[in-house]
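**Student:** Given the structure of chain S, go ahead and fit chain G onto it with the hints provided.
Line by line, the protein sequences give chains S and G. So for the first sequence, the numbering used here puts the first residue at 14; every next one is plus one. So for the second sequence, the numbering used here puts the first residue at 14; every next one is plus one.
What the hints contain is simulated information worked out from the structure, not anything from laboratory work. Errors might be hidden in some of the hints.
The calculated label-pair distances, taken between Cβ atoms and stated as ranges, are [to be verified]:
1) E155/G x D361/S: 44 to 52 Å
2) V389/G x T130/S: 43 to 51 Å
3) L80/S x R302/G: 25 to 33 Å
4) S308/S x S162/G: 48 to 56 Å
5) Q83/S x N278/G: 23 to 31 Å
6) L161/S x P22/G: 55 to 63 Å
7) R302/G x S123/S: 42 to 50 Å
8) T193/G x S371/S: 49 to 57 Å
9) A380/S x G62/G: 38 to 46 Å
10) G62/S x K367/G: 47 to 55 Å
11) D377/G x Q230/S: 47 to 55 Å
12) P22/S x D377/G: 51 to 59 Å
13) S129/G x D361/S: 46 to 54 Å
These figures come from a predicted structure and were not determined experimentally. For glycine and all other residues, C-beta sits at the position ideal for the given N, C-alpha and C.
Below, each chain spelled out in residue letters.
There are 2 protein chains.
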Amino acid sequence: MANITKISPLAPAHFPQLPVIAGVRFATAAAGVKYQGRTDVMLAVLDSGTTVAGTFTRSATRSAPVLDCQAKIGGASDGPAAILVNSGNSNAFTGHYGQTSVATLTQSVSDITGVSTDRVFTSSTGVIGEPLPHDRIIAQLEDLNGALSTESVEAAAHAIMTTDTFAKGASAQVEINGKTVSIAGIAKGSGMIAPDMATMLVYIFTDAKVDQTSLQQSVSGLTDTTFNCITVDSDTSTSDTLLVCATGASGADASGNAAFTQALNEVMLDLAQQVVRDGEGATKFVEIRVTGAASDADAKVHGLAIANSPLVKTAIAGEDANWGRVVMAIGKSGAAADRDLLSISFGDILVAEKGWVSPSYSEDEAAVYMKAQDLVIAVDLGLGAGSSTVWTCDLTHGYIEINADYRS
Amino acid sequence: MANITKISPLAPAHFPQLPVIAGVRFATAAAGVKYQGRTDVMLAVLDSGTTVAGTFTRSATRSAPVLDCQAKIGGASDGPAAILVNSGNSNAFTGHYGQTSVATLTQSVSDITGVSTDRVFTSSTGVIGEPLPHDRIIAQLEDLNGALSTESVEAAAHAIMTTDTFAKGASAQVEINGKTVSIAGIAKGSGMIAPDMATMLVYIFTDAKVDQTSLQQSVSGLTDTTFNCITVDSDTSTSDTLLVCATGASGADASGNAAFTQALNEVMLDLAQQVVRDGEGATKFVEIRVTGAASDADAKVHGLAIANSPLVKTAIAGEDANWGRVVMAIGKSGAAADRDLLSISFGDILVAEKGWVSPSYSEDEAAVYMKAQDLVIAVDLGLGAGSSTVWTCDLTHGYIEINADYRS
Numbered sequence: 014m015a016n017i018t019k020i021s022p023l024a025p026a027h028f029p030q031l032p033v034i035a036g037v038r039f040a041t042a043a044a045g046v047k048y049q050g051r052t053d054v055m056l057a058v059l060d061s062g063t064t065v066a067g068t069f070t071r072s073a074t075r076s077a078p079v080l081d082c083q084a085k086i087g088g089a090s091d092g093p094a095a096i097l098v099n100s101g102n103s104n105a106f107t108g109h110y111g112q113t114s115v116a117t118l119t120q121s122v123s124d125i126t127g128v129s130t131d132r133v134f135t136s137s138t139g140v141i142g143e144p145l146p147h148d149r150i151i152a153q154l155e156d157l158n159g160a161l162s163t164e165s166v167e168a169a170a171h172a173i174m175t176t177d178t179f180a181k182g183a184s185a186q187v188e189i190n191g192k193t194v195s196i197a198g199i200a201k202g203s204g205m206i207a208p209d210m211a212t213m214l215v216y217i218f219t220d221a222k223v224d225q226t227s228l229q230q231s232v233s234g235l236t237d238t239t240f241n242c243i244t245v246d247s248d249t250s251t252s253d254t255l256l257v258c259a260t261g262a263s264g265a266d267a268s269g270n271a272a273f274t275q276a277l278n279e280v281m282l283d284l285a286q287q288v289v290r291d292g293e294g295a296t297k298f299v300e301i302r303v304t305g306a307a308s309d310a311d312a313k314v315h316g317l318a319i320a321n322s323p324l325v326k327t328a329i330a331g332e333d334a335n336w337g338r339v340v341m342a343i344g345k346s347g348a349a350a351d352r353d354l355l356s357i358s359f360g361d362i363l364v365a366e367k368g369w370v371s372p373s374y375s376e377d378e379a380a381v382y383m384k385a386q387d388l389v390i391a392v393d394l395g396l397g398a399g400s401s402t403v404w405t406c407d408l409t410h411g412y413i414e415i416n417a418d419y420r421s
Numbered sequence: 014m015a016n017i018t019k020i021s022p023l024a025p026a027h028f029p030q031l032p033v034i035a036g037v038r039f040a041t042a043a044a045g046v047k048y049q050g051r052t053d054v055m056l057a058v059l060d061s062g063t064t065v066a067g068t069f070t071r072s073a074t075r076s077a078p079v080l081d082c083q084a085k086i087g088g089a090s091d092g093p094a095a096i097l098v099n100s101g102n103s104n105a106f107t108g109h110y111g112q113t114s115v116a117t118l119t120q121s122v123s124d125i126t127g128v129s130t131d132r133v134f135t136s137s138t139g140v141i142g143e144p145l146p147h148d149r150i151i152a153q154l155e156d157l158n159g160a161l162s163t164e165s166v167e168a169a170a171h172a173i174m175t176t177d178t179f180a181k182g183a184s185a186q187v188e189i190n191g192k193t194v195s196i197a198g199i200a201k202g203s204g205m206i207a208p209d210m211a212t213m214l215v216y217i218f219t220d221a222k223v224d225q226t227s228l229q230q231s232v233s234g235l236t237d238t239t240f241n242c243i244t245v246d247s248d249t250s251t252s253d254t255l256l257v258c259a260t261g262a263s264g265a266d267a268s269g270n271a272a273f274t275q276a277l278n279e280v281m282l283d284l285a286q287q288v289v290r291d292g293e294g295a296t297k298f299v300e301i302r303v304t305g306a307a308s309d310a311d312a313k314v315h316g317l318a319i320a321n322s323p324l325v326k327t328a329i330a331g332e333d334a335n336w337g338r339v340v341m342a343i344g345k346s347g348a349a350a351d352r353d354l355l356s357i358s359f360g361d362i363l364v365a366e367k368g369w370v371s372p373s374y375s376e377d378e379a380a381v382y383m384k385a386q387d388l389v390i391a392v393d394l395g396l397g398a399g400s401s402t403v404w405t406c407d408l409t410h411g412y413i414e415i416n417a418d419y420r421s
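If we strip away everything but chain S, and leave its shape as in the complex, we get (with noise of 0.2 Å):
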């Protein structure tokens, strides 16, 4: 029997101190979607003018609350806003029941709230293919609206997760025009119960004021090298929502500036990391550093065929340093790359170079850095400027155990 409730070696020591974001409230409950005994509904009301601006799984075959997301996005900011999410139930596959689950949620939260249903996003992780049971969401509205606090916010990060081992979150701090503007995000990911799928939920808030062109710009462009930059296992759920909400509480205008865009990186790029860090199985961190390949383009699809090749990361979690594995996964990964111009890295060691096993590598030197938790495999392609660095675990035996062996 896996004991998939066991907290990842990698998780961070604790959840971290989250500041205040002046313009958003949050609430929890337990409504008994499918887990007993904790949380799975998590309210944020946001204060008008709050933009909000979002990204999606490319799935073709996406959840309803992400299609009724992605229809919201980019609408008018002028009320306030409200983001509902449970857990437990994916609502994804559900066919036409599916839409009217979240037209019918959509609907309770407005009545409750005073929030125009154009201005509520739902979001839901967990099984997938039965039917959402809605009634036991909305009968804990009145009561999550009456709860609201900008408090809670860490309490909001426990009501989102299926079997994540550890909360997560992350903030930082900018001065704009002498004011201070805060980001505090939350995430889950990636846990599984059969049949459930691994699904990534981020909600970031900040009480910049940012115009929704200019935030949806930033997150779209960020969400390029953060979010979409890491794996677990290459398989992309139907579930997968980032939603960055802009109260403009602190009075400081952000539109455009590059502190702010910085800070807002930085909070994602902690949050894409900590998924990692909780991917099913994961023992060991990894860092693909690709450079010197023909375009950035390329230099990702080198990174990700890397950190999703099986016999990479089975060699990670063996602690081997297998870089024949490595230009096995170079060679396959369908962009450029001149075997004789490439050479490869562990951390420090010079692993590899020009068609060939580097004539300073030691095995034994190699051996003991691949010991570390967190790794960096670093490529350089040699055929021109660009680069890409992404972020991927090992695969053990912990990740069959959590996906083949659970359901008895």
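**Tutor:** Below, chain G alone, put in the same frame as chain S:
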């Protein structure tokens, strides 16, 4: 300690009885390239006029022997030909030394057998990045040449194994213009010892007379629906090689003959499926049939996305009819899909249709079906006439043991 010599539960009961192919003779030897106490070199010599067609890995980091074979395929077919294969060392990512090894080996084979160097094809499979000790192979060439026999094809199948758990052979016979034409083939794949890589080597021989252009055309076309439709772990070798040799000794001209092409297809498909049945850690053989796709190419993209999904493969290992993961894989594949037109069956059991679970679906019935060793997952996209079938195996603790735990 992983026991990687245990025979796959999916192995055939015994090596098949292969017909003798007039015009080709085999010999094997124990050269001690890496393994001790077993044969590791195979020499095949083919009579004058034999045409040779081949397909090879598309890896950008392919091995020196592969590059050499590719340069020679399609040349003149007048004189005799030879194939030299060693296991234990893949001569991949060995820089310029690798090319020197190939040149030295082909020259030595030429000197001893009288075959012109541009008709000597070599393959190497095994450890990557280590110089091939080609002198050990050359030391065996006189004996090999003296021992050549038309009967030794099964011995050849054994000599090319690395950590395969069984030797792979297949054959077919067909009447052409009143003459019996025979086809016999052998293959290896896909065992592994760190830091080895899985490689697939396939050699098929026929006494049909087929001009090289026609043979190459058949082989290239059939590869797309046989060897290019199997996957164990999505990782592509630097050494994959398929050579098909037509000696013409039967006197029957099979150039462009449909029955011959069909027979060749049977042999290729049989060998391809045997490679999957020896997939690392495999306990289930899975056929994935995709129909109703927008195009054949789209169908294959969907099929391989399902076949390569770690979540689908672990669910199969756990005997879990987890159709939600199949939906997920289709959604992420990038090829066209419409959630509401999709239907999915496991064997004869209709699991999902019209964007949701089928009303007739019984999970108990599916659970019984999933206990079978050979499984069929059928997906209909409901979009067009495109179809493709691919084959894979499950992902088990055995895979992790072989690839992570082996190196202590």
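**Student:** Any hints from earlier that this structure breaks? Give me their numbers in increasing order, please.
**Tutor:** 5, 9, 10 and 12
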